[in-house]
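K.L.:
Chains as they are written, first to last, in numbering that gives the first Met the number 0: chain A, 0 to 154; chain B, 0 to 80.
It is worth saying that the hints were derived from the structure and are not from the lab.
Even for Gly, the Cβ is constructed at its ideal location relative to N, Cα and C.
Keep in mind that a hint or two might mislead.
[Stated by the list, open to error] Partial selection, computed: residues in chain B whose CB lies under 8 angstroms from chain A:
(1) I8
(2) E10
(3) V12
(4) W18
(5) L21
(6) P24
(7) I29
(8) D42
(9) P46
(10) G47
(11) A60
(12) A63
(13) L65
(14) V70
[As the list claims (entries may be wrong)] Chain A regions said to be covered by chain B (calculated; three or more residues, Cβ under 8 angstroms):
(15) 10-20
(16) 38-47
(17) 50-63
(18) 66-78
(19) 120-129
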Amino acid sequence: MSTLPDEDGLNWFEAALGWLLPGYGLIRLGHRRRGIWAMAAVLGLFTSGTLIGGLDSVDRREDGLWFVMQAGAGPVAFAADWGNTRLIKSGHFGRLVETPPSRLIDRGSQPRVSTLKSITYSNEIGTLFSALAGLMNVSLVLDTLQRRRTEEANS
Amino acid sequence: MTALAWIPILEPVDLGRLWWLLIVPLCFGIAIVYRAVKAPSMDRFLPGVLRLTANILGVMALLAALVFVVVYGALPLLPAD
């Protein structure tokens, strides 16, 4: 099976669907097995990241560069960031505690942090998992953009 | 934090000393996506994924061994001044 682009151009619509729901663009192109495996891998990595590091491992404001990568996984990353802001940083779950004064860190208008904030290995590995899920999905979206449509049953 | 008190997704998990084992599922996920993009056919997909995962882990282990030898074997032999 060739993976050359269609003669009539690139698969922009399917690529957009692939960003919205990882792997779905490939399924729409007829690559059902490929898309399901890819979907399971990307969503599995992202879910593992939030299980390991908690919702706090996805933070658009405090970890902006990481979030650029995590956003590649689609709306699920924005939902996790929203959940972090609304559920954890707001103190809805857990408690907000005072932080020790620091000359090095500017905490701005939020000097208190949640007791559910993730730190050390948990945060680092959780962030890494979800960021890699985002990068993997970007490669899937680029692949979807140029992959040829197929009717083969085993694709 | 104990495992019984852990609230999934909201709370980070206590990884203890086995955090480095998470490289296995990480490599497995990456291998699935790599094969999904690169494999010309979906025949024998999972064996290919497992082989690629093993290759990544093997090379990482070799690199870790190399770094270990350099840090604990070669560097102490260098003159201090």
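K.L.:
Are the hints correct? Go through all of them and say.
P.N.:
Status of each hint after checking the structure:
1. I8: 5 angstroms, holds
2. E10: 5 angstroms, holds
3. V12: 5 angstroms, holds
4. W18: Where the cut-off is 8 angstroms and the nearest Cβ of chain A is about 5 angstroms from W18/B, the hint holds.
5. L21: Holds, about 6 angstroms.
6. P24: At 6 angstroms from the nearest chain A Cβ, P24/B passes the 8 angstroms test, so the hint holds.
7. I29: With a minimum Cβ separation of about 7 angstroms from chain A (threshold 8 angstroms), the hint on I29/B holds.
8. D42: This hint holds: D42/B lies near chain A, its Cβ roughly 7 angstroms from the closest one there, short of 8 angstroms.
9. P46: This interface hint is violated because 13 angstroms lies over the 8 angstroms limit.
10. G47: This interface hint is violated because 11 angstroms lies over the 8 angstroms limit.
11. A60: 18 angstroms, violated
12. A63: Check failed: Cβ of A63/B comes no nearer than 17 angstroms to chain A, outside 8 angstroms.
13. L65: 22 angstroms, violated
14. V70: Nearest chain A Cβ about 21 angstroms off; hint violated.
15. 10-20: violated (count 0)
16. 38-47: holds (count 6)
17. 50-63: Since 7 is at least three, the answer is holds.
18. 66-78: With 0 residues closer than 8 angstroms to chain B, the region 66-78 of chain A misses the three-residue bar; violated.
19. 120-129: holds (count 7)
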